[in-house]
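Please take these sequences and the hints and turn them into a complete structure.
Number of protein chains: 2
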Amino acid sequence: MEFMTGVKKPDTLELEELYKDGMEGKTVRVNGAVHTIRDMGEVAFVILRKRDGLLQCVYEEGTAGFDLKDLKEAATVEAEGILEKEERAPGGIEIRLTGIKILSLPTAPMPLPIAKWKLNTSLEAKLNMRSVSLRNIRERAKFKLQEGIVRGFRDFLYEQGFTEIHTPKIGAKSAEGGSNLFKLDYFHRPAVLQQSPQLYKQMMVGVFDRVFETGPVFRAEKHNTKRHLNEYTSLDFEMGYIDGFEDIMAMETGFLQYTMKLLETEYAKELKILGITLPKTDKIPAVRFDRAKELVAEKYDRKIRNPFDLEPEEETLIGRYFQEEYGADFVFVTHYPSKKRPFYAMDDPEDSRYTMSFDLLYHGLEITTGGQRIHDYQMLTEKIAARGMTEEGLEQYLDTFRYGMPPHGGLGIGLERLTMKLVGEDNVRETTLYPRDLSRLEP
Amino acid sequence: MEFMTGVKKPDTLELEELYKDGMEGKTVRVNGAVHTIRDMGEVAFVILRKRDGLLQCVYEEGTAGFDLKDLKEAATVEAEGILEKEERAPGGIEIRLTGIKILSLPTAPMPLPIAKWKLNTSLEAKLNMRSVSLRNIRERAKFKLQEGIVRGFRDFLYEQGFTEIHTPKIGAKSAEGGSNLFKLDYFHRPAVLQQSPQLYKQMMVGVFDRVFETGPVFRAEKHNTKRHLNEYTSLDFEMGYIDGFEDIMAMETGFLQYTMKLLETEYAKELKILGITLPKTDKIPAVRFDRAKELVAEKYDRKIRNPFDLEPEEETLIGRYFQEEYGADFVFVTHYPSKKRPFYAMDDPEDSRYTMSFDLLYHGLEITTGGQRIHDYQMLTEKIAARGMTEEGLEQYLDTFRYGMPPHGGLGIGLERLTMKLVGEDNVRETTLYPRDLSRLEP
Numbered sequence: 001m002e003f004m005t006g007v008k009k010p011d012t013l014e015l016e017e018l019y020k021d022g023m024e025g026k027t028v029r030v031n032g033a034v035h036t037i038r039d040m041g042e043v044a045f046v047i048l049r050k051r052d053g054l055l056q057c058v059y060e061e062g063t064a065g066f067d068l069k070d071l072k073e074a075a076t077v078e079a080e081g082i083l084e085k086e087e088r089a090p091g092g093i094e095i096r097l098t099g100i101k102i103l104s105l106p107t108a109p110m111p112l113p114i115a116k117w118k119l120n121t122s123l124e125a126k127l128n129m130r131s132v133s134l135r136n137i138r139e140r141a142k143f144k145l146q147e148g149i150v151r152g153f154r155d156f157l158y159e160q161g162f163t164e165i166h167t168p169k170i171g172a173k174s175a176e177g178g179s180n181l182f183k184l185d186y187f188h189r190p191a192v193l194q195q196s197p198q199l200y201k202q203m204m205v206g207v208f209d210r211v212f213e214t215g216p217v218f219r220a221e222k223h224n225t226k227r228h229l230n231e232y233t234s235l236d237f238e239m240g241y242i243d244g245f246e247d248i249m250a251m252e253t254g255f256l257q258y259t260m261k262l263l264e265t266e267y268a269k270e271l272k273i274l275g276i277t278l279p280k281t282d283k284i285p286a287v288r289f290d291r292a293k294e295l296v297a298e299k300y301d302r303k304i305r306n307p308f309d310l311e312p313e314e315e316t317l318i319g320r321y322f323q324e325e326y327g328a329d330f331v332f333v334t335h336y337p338s339k340k341r342p343f344y345a346m347d348d349p350e351d352s353r354y355t356m357s358f359d360l361l362y363h364g365l366e367i368t369t370g371g372q373r374i375h376d377y378q379m380l381t382e383k384i385a386a387r388g389m390t391e392e393g394l395e396q397y398l399d400t401f402r403y404g405m406p407p408h409g410g411l412g413i414g415l416e417r418l419t420m421k422l423v424g425e426d427n428v429r430e431t432t433l434y435p436r437d438l439s440r441l442e443p
Numbered sequence: 001m002e003f004m005t006g007v008k009k010p011d012t013l014e015l016e017e018l019y020k021d022g023m024e025g026k027t028v029r030v031n032g033a034v035h036t037i038r039d040m041g042e043v044a045f046v047i048l049r050k051r052d053g054l055l056q057c058v059y060e061e062g063t064a065g066f067d068l069k070d071l072k073e074a075a076t077v078e079a080e081g082i083l084e085k086e087e088r089a090p091g092g093i094e095i096r097l098t099g100i101k102i103l104s105l106p107t108a109p110m111p112l113p114i115a116k117w118k119l120n121t122s123l124e125a126k127l128n129m130r131s132v133s134l135r136n137i138r139e140r141a142k143f144k145l146q147e148g149i150v151r152g153f154r155d156f157l158y159e160q161g162f163t164e165i166h167t168p169k170i171g172a173k174s175a176e177g178g179s180n181l182f183k184l185d186y187f188h189r190p191a192v193l194q195q196s197p198q199l200y201k202q203m204m205v206g207v208f209d210r211v212f213e214t215g216p217v218f219r220a221e222k223h224n225t226k227r228h229l230n231e232y233t234s235l236d237f238e239m240g241y242i243d244g245f246e247d248i249m250a251m252e253t254g255f256l257q258y259t260m261k262l263l264e265t266e267y268a269k270e271l272k273i274l275g276i277t278l279p280k281t282d283k284i285p286a287v288r289f290d291r292a293k294e295l296v297a298e299k300y301d302r303k304i305r306n307p308f309d310l311e312p313e314e315e316t317l318i319g320r321y322f323q324e325e326y327g328a329d330f331v332f333v334t335h336y337p338s339k340k341r342p343f344y345a346m347d348d349p350e351d352s353r354y355t356m357s358f359d360l361l362y363h364g365l366e367i368t369t370g371g372q373r374i375h376d377y378q379m380l381t382e383k384i385a386a387r388g389m390t391e392e393g394l395e396q397y398l399d400t401f402r403y404g405m406p407p408h409g410g411l412g413i414g415l416e417r418l419t420m421k422l423v424g425e426d427n428v429r430e431t432t433l434y435p436r437d438l439s440r441l442e443p
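As they're listed, the protein sequences go chains L and D.
Okay, so the first sequence: first residue is 1 according to our numbering, each after it adds one.
Okay, so the second sequence: first residue is 1 according to our numbering, each after it adds one.
For the record, the hints were derived by calculation from the structure and aren't laboratory data.
Careful, some of the hints might be misleading.
[Stated by the list, open to error] With a Cα cut of at most 25 Å, we get these calculated SDA-like pairs of lysine to any residue:
1) D:LYS173 / L:MET129
2) D:LYS173 / L:LYS280
3) L:LYS280 / D:GLU2
4) L:LYS20 / D:GLU2
[To be verified] So the derived label-pair ranges between C-beta atoms look like this:
5) D:PRO111 / L:ALA172: 20 to 26 Å
6) D:ARG189 / L:LYS269: 38 to 44 Å
7) L:LYS8 / D:GLU382: 31 to 37 Å
8) D:ALA108 / L:PRO190: 26 to 32 Å
9) D:GLU17 / L:THR5: 37 to 43 Å
These numbers were taken from a predicted model, which means no experiment stands behind them.
Backbone N, C-alpha and C fix where the C-beta goes; we use that ideal spot for every residue, glycine too.
Structure, rendered in structure tokens:
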């Protein structure tokens, strides 16, 4: 009988092992994809792309043990050679090839110049060839940073006593209701795709106190802008026993601080590749919605057209204002108008036209919506009635409050938007692996 | 201007802080939900439910500073009192109450006896009141262990150089094709919900070498069994530069070993609550599909009806065989018949009726399907043609292979099934937060 006993160390080395002291002069084996070949006549540089970066291999006729003509860009190989120090090579090392085993060969020349430092290709072309365009080192680095953000979110929240949950994406009804729901047939019953895990995470606050989820959400909105997607990854948390919605903002600030430190230490390579300066998160200003509107109206000489609405240009100007006045990358805008928030939002006891809620703007773009929720059964059912909504389909949700719920609140963060602002892009599709929008449903 | 500077330490303490040395005799503040009240006359025990466990508070008339009648089970409170050692109390401590602040009160008596050690309630009733039934300590512990499994999966794979990805769940076409797809209308275009991230994670192997995703998948199967769900959480990975599909099984074994250790150290409390003995993962037997069928046919005196199919009872018996003969909790069954595997599966070069693939059985239940994939463009398009499939909608997927792909493979693990087996349940709905099946679409 054969037995599996765990991960076996392969006889090929990864970059961090090659970079170690004492490797000079040693014969090593590595694998990778041929990123580019620079043929200088008797010598050629074969650059391998590995998951951690690039590796320079040197081909010399006679000693390499194979014919350079057999090698192609985009081939995948297992190479053998002697490791030497070489300051001009990536990572300060190179491999003098003594042998090669070709694992696979492409059947067509590369359609994009992925080996160039900057891939000067249209977004459209990049998306049409995602699995090729992301082989570019800079394009790839964006998604590595995206990983770091999600990782920071989870690790920070584990530390803070949160429990991870997995809530269903198909349901009979959704959190906010309304028209922006994708509809589907569920064994001959009408169903929708969840636009948020809102109702589920609230229900779970009564069980775990603090919960989070990182997963897809679906919005059937007909927006065709640079910042909207019809499917995106939402970083959601919900916490009980709060004193007010400021606790939620404090928790988000803590997440951002934790994550920027994580990126600085674990993703330094990608930050360098993309030339990113991390945003400041030590103190994030918080300003009331109505006050923010006044501030930008005064400073930028704008009329306030609707005191209960925030236009995209106003968001941009709020971002600019706090950047100019406080050097702030982020700003919390608080006390959003009640009619702009869903039924479960806690109204301000001092002025019920406003809610105990907030958005977080990152350089003028909303990346988070959050706030305190109603935890009192009576108050909740009254608000549902006042809005002319039905309780149908909300039975289990409402029962949760009937059987006791602590004061609580939470938020949702758009992962692709946060990544986009971090890497300095201006279209959210740049930081979405396979965007779903009005025109894009494939691949 | 107000500024958010990060998480503030609340003035209430969590259990681990209360358990620390030197806390005896100190006045402390805690919050929680009233799990149960045992009124003994002049003294009453008020048990608070906190996210980490239960806490005994002692109410004495006169010193408590409030009237016990004002308190109800399922109320949420902030309590103050003096910490004392008490061997018979959970965690060996209790709080002698000196004051209480009621944060919220329920409006109806609890519909389920959640404070009982075992909640002897039907699955149906538990699911109909999920946000209440999970307040039972044992019910809750199952989902805490589920968190541990996902956490182990991610942390182990980060260590092994994998990158986390987020792939779309709405698409024009899906991995395996076929009839088990949920269909929806995507802005007047026909679309489906992905039954697996298969094609996406393969495409990303050419970019990151090793990728993983933890997310929902959707299967419109009309199965009504204890082990099927129409939506579940899939733990998926895919890795390049493999020598064979054994590398995938070795990686999964490594994940299981890492995760059991994580559960042992970080989730010891929940393991104890549920009385769980962790399965053995040091060496997992691997047996060929055809050989496994012979072994159980011989030992349990069964006829082999179809040599190319595995019946559920046969799976169960394979689990039993390896438990009896080798004391094994897990067994890899390898070389599944080609016609039972999707088009992208790599056929066995020695016998193309079989594939370089495997299932992992846990006590006789399939919890993983995996294997090596075809990485050669020619071989892939030929297999698609041989199966009478169309290349339509697969253009970007196929182009990935045209432009070079390393030998690779991967797997998908059903999270709820793995949790179910770990905690010793026999219905996967017991370990699914909000199951979706033929009858259940709400809440």
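Results of checking the hints against the structure:
1. D:LYS173 / L:MET129: 17 Å, holds
2. D:LYS173 / L:LYS280: With a Cα-Cα distance of about 42 Å, the restraint between LYS173 (chain D) and LYS280 (chain L) is violated, given a limit of 25 Å.
3. L:LYS280 / D:GLU2: Cα-Cα ~16 Å, so holds.
4. L:LYS20 / D:GLU2: 48 Å, violated
5. D:PRO111 / L:ALA172: 20 to 26 Å: Check passed, 21 Å falls within 20 to 26 Å.
6. D:ARG189 / L:LYS269: 38 to 44 Å: About 40 Å separates the Cβ atoms of ARG189 (chain D) and LYS269 (chain L), which means 38 to 44 Å holds.
7. L:LYS8 / D:GLU382: 31 to 37 Å: 32 Å, holds
8. D:ALA108 / L:PRO190: 26 to 32 Å: 30 Å, holds
9. D:GLU17 / L:THR5: 37 to 43 Å: 41 Å, holds
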